[in-house]
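J.: Now for the letters of each chain:
There are 2 protein chains.
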Amino acid sequence: MGREEREAGSRKQGGSGAGGPASPCAACKLLRRRCAQGCIFAPYFPADEPQKFATVHKVFGASNVSKLLQELPMGHRSDAVSSLVYEAMARVRDPVYGCVAAISSLQRHIQLLQSQLAFAQAELVRLHLHHAAASHAVTDTAADADGKMMLSLDVLLDHALWSC
Amino acid sequence: MGREEREAGSRKQGGSGAGGPASPCAACKLLRRRCAQGCIFAPYFPADEPQKFATVHKVFGASNVSKLLQELPMGHRSDAVSSLVYEAMARVRDPVYGCVAAISSLQRHIQLLQSQLAFAQAELVRLHLHHAAASHAVTDTAADADGKMMLSLDVLLDHALWSC
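Line order of the protein sequences matches chains A and B. Just so you know, we're using the working numbering here: the first sequence kicks off at 1 and counts up by one. Just so you know, we're using the working numbering here: the second sequence kicks off at 1001 and counts up by one.
Hints listed in this document are in silico derivations from the structure and should not be mistaken for laboratory results. Among the hints, a few may not be true.
Calculated lysine to aspartate or glutamate pairs in the DMTMM-like style (CA-CA distance at most 25 Å, straight line) [said to hold, decoys possible]:
{"no.": "1", "chain 1": "B", "residue 1": "Lys1067", "chain 2": "A", "residue 2": "Asp94"}
{"no.": "2", "chain 1": "B", "residue 1": "Lys1029", "chain 2": "B", "residue 2": "Asp1048"}
{"no.": "3", "chain 1": "A", "residue 1": "Lys29", "chain 2": "A", "residue 2": "Asp48"}
{"no.": "4", "chain 1": "A", "residue 1": "Lys58", "chain 2": "A", "residue 2": "Glu71"}
{"no.": "5", "chain 1": "B", "residue 1": "Lys1052", "chain 2": "A", "residue 2": "Asp94"}
{"no.": "6", "chain 1": "A", "residue 1": "Lys52", "chain 2": "A", "residue 2": "Glu71"}
{"no.": "7", "chain 1": "B", "residue 1": "Lys1058", "chain 2": "A", "residue 2": "Glu71"}
{"no.": "8", "chain 1": "B", "residue 1": "Lys1058", "chain 2": "B", "residue 2": "Asp1048"}
{"no.": "9", "chain 1": "A", "residue 1": "Lys52", "chain 2": "B", "residue 2": "Glu1071"}
{"no.": "10", "chain 1": "A", "residue 1": "Lys67", "chain 2": "B", "residue 2": "Asp1094"}
{"no.": "11", "chain 1": "A", "residue 1": "Lys52", "chain 2": "B", "residue 2": "Asp1048"}
{"no.": "12", "chain 1": "A", "residue 1": "Lys58", "chain 2": "B", "residue 2": "Asp1079"}
{"no.": "13", "chain 1": "B", "residue 1": "Lys1029", "chain 2": "B", "residue 2": "Asp1079"}
{"no.": "14", "chain 1": "A", "residue 1": "Lys52", "chain 2": "B", "residue 2": "Asp1094"}
{"no.": "15", "chain 1": "A", "residue 1": "Lys29", "chain 2": "A", "residue 2": "Glu49"}
{"no.": "16", "chain 1": "B", "residue 1": "Lys1067", "chain 2": "B", "residue 2": "Glu1049"}
{"no.": "17", "chain 1": "A", "residue 1": "Lys29", "chain 2": "A", "residue 2": "Glu71"}
{"no.": "18", "chain 1": "A", "residue 1": "Lys58", "chain 2": "B", "residue 2": "Asp1048"}
{"no.": "19", "chain 1": "B", "residue 1": "Lys1058", "chain 2": "A", "residue 2": "Asp94"}
{"no.": "20", "chain 1": "A", "residue 1": "Lys58", "chain 2": "A", "residue 2": "Asp94"}
{"no.": "21", "chain 1": "B", "residue 1": "Lys1052", "chain 2": "A", "residue 2": "Glu71"}
{"no.": "22", "chain 1": "B", "residue 1": "Lys1058", "chain 2": "A", "residue 2": "Asp79"}
Taking CB as the label site, the calculated pair distances span [unchecked claim]:
{"no.": "23", "chain 1": "B", "residue 1": "Lys1067", "chain 2": "A", "residue 2": "Ala122", "range": "49 to 59 Å"}
{"no.": "24", "chain 1": "B", "residue 1": "Gln1114", "chain 2": "A", "residue 2": "Pro50", "range": "46 to 56 Å"}
{"no.": "25", "chain 1": "A", "residue 1": "Ser78", "chain 2": "B", "residue 2": "His1076", "range": "39 to 49 Å"}
Not the full set, but computed from the structure, chain A residues with beta-carbon under 10 Å of chain B [said to hold, decoys possible]:
{"no.": "26", "residue": "Ser23"}
{"no.": "27", "residue": "Gln37"}
{"no.": "28", "residue": "Glu49"}
{"no.": "29", "residue": "Gln51"}
{"no.": "30", "residue": "Lys58"}
{"no.": "31", "residue": "Val59"}
{"no.": "32", "residue": "Phe60"}
{"no.": "33", "residue": "Gly61"}
{"no.": "34", "residue": "Lys67"}
{"no.": "35", "residue": "Arg77"}
{"no.": "36", "residue": "Ser82"}
{"no.": "37", "residue": "Glu87"}
{"no.": "38", "residue": "Gln116"}
{"no.": "39", "residue": "Leu117"}
{"no.": "40", "residue": "Gln121"}
Remember, it's a predicted structure, so these values are computed and weren't measured experimentally. Ideal Cβ placement from N, Cα and C applies to all residues, glycine included.
Just chain A, same shape as in the assembly (with noise of 0.2 Å):
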């Protein structure tokens, strides 16, 4: 084991982007193995995040995330290991219900949201039928008197409602 740690402490990984000599990936640090050219974790877990190889291994393991991201094209495999931070960070902190707690609080938004657009809908649909009824009691009272009618309530909210 000394002599690998040695190769792969002088061996520049694909995660650590850094200059000079890189250590292993924290996958293989965690792992206690060697970080060989083309390891399959070192692009995705540079040394300087030992975190997040931490929390995808307790909750997905290594062999796992290994297997999928082997079953990846390489230009997917990035986004799949944002997720799978992602998903086992919300496991972590939720052991219950992980990140489908973040999916029902977002599904409980949308419907309170629904509910709020479609009582203001509602609104300017009553408020079209209230101002043409008035627009057409004032036509027939006031019209006649003055002629000066500024403003039709009827084209005034017929664009307002139908361009939402």
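Since chain A is already given, all that's left is putting chain B on it; use the hints.
T.: Chain B in isolation, oriented as in the chain A frame:
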């Protein structure tokens, strides 16, 4: 293993819930191990739903699920299993984003609803201002002539606007 399997087969499992002798739970069946009395998986992974455990095992690993359940009080384990199954199924369906895809989709839906709601509320305010102005204009020109203005637009709009 033969004797153990017979023992497991002749014992009722917490998760099976059926009358008569129950088979080992889905977890022990998949892991090819004895389903002992008090098996941590048995109440939540009945034999007649093998896919639930298979999916959770593939994504999280049996050992991680077992550890997680053991750390939770009994009353929370069923919810934890439900959320794990949900997450695991989402990850199998979408290996890159898992259930984070659902979170992103819900967040986009919330943004859309928030902008629709803001628009509807702005329309209500705009109508309020326009009709308040129209009401004053009509009052100035026509109310003296007839005196039969039946609707107070200000009152109507005040009621409509500030109740939402």
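J.: With chain B as the partner, please determine if A:Phe60 meets the hint condition of a C-beta pair closer than 10 Å.
T.: 6 Å, holds
J.: Would the hint linking A:Lys52 and A:Glu71 be met if the CA-CA limit is 25 Å?
T.: At roughly 21 Å apart (the allowed maximum being 25 Å), A:Glu71 and A:Lys52 satisfy the hint.
J.: Would the stated hint for A:Glu49 survive a check requiring a Cβ distance to chain B of less than 10 Å?
T.: 19 Å, violated
J.: Under the criterion of a CB-CB separation shorter than 10 Å, is A:Ser82 in contact with chain B as hinted?
T.: 8 Å, holds
J.: Take a quick look at whether A:Lys58 and A:Glu71 sit within 25 Å of each other, Cα to Cα.
T.: Distance ~21 Å between A:Lys58 and A:Glu71 Cα, so the pair holds.
J.: Assess, step by step, whether the Cα of A:Lys58 is no farther than 25 Å from the Cα of B:Asp1079, and give holds or violated.
T.: Holds, at about 20 Å.
J.: Against chain B, with CB atoms and a cut of 10 Å, does the hint on A:Arg77 hold up?
T.: It holds, given that the least Cβ distance between A:Arg77 and chain B is near 8 Å, below 10 Å.
J.: For the pair supplied as a hint, A:Lys52 and B:Asp1048, confirm whether the alpha-carbon distance does not exceed 25 Å.
T.: It is violated: about 37 Å lies between the C-alpha atoms, which goes past 25 Å.
J.: For B:Lys1058 and B:Asp1048, compute the direct alpha-carbon distance and say whether it is at most 25 Å.
T.: 18 Å, holds
J.: Check whether the Cα positions of B:Lys1029 and B:Asp1048 lie no farther apart than 25 Å.
T.: 11 Å, holds
J.: Should the hint that A:Glu87 touches chain B count as held when the rule is a Cβ pair under 10 Å?
T.: 6 Å, holds
J.: Using the C-beta atoms of A:Ser78 and B:His1076, is the stated range 39 to 49 Å upheld?
T.: Since A:Ser78 and B:His1076 have Cβ atoms about 34 Å apart, the given range 39 to 49 Å is violated.
In the structure shown, a violation is registered for the earlier hints numbered 11, 18, 24, 25, 26, 27, 28 and 29, in ascending order.
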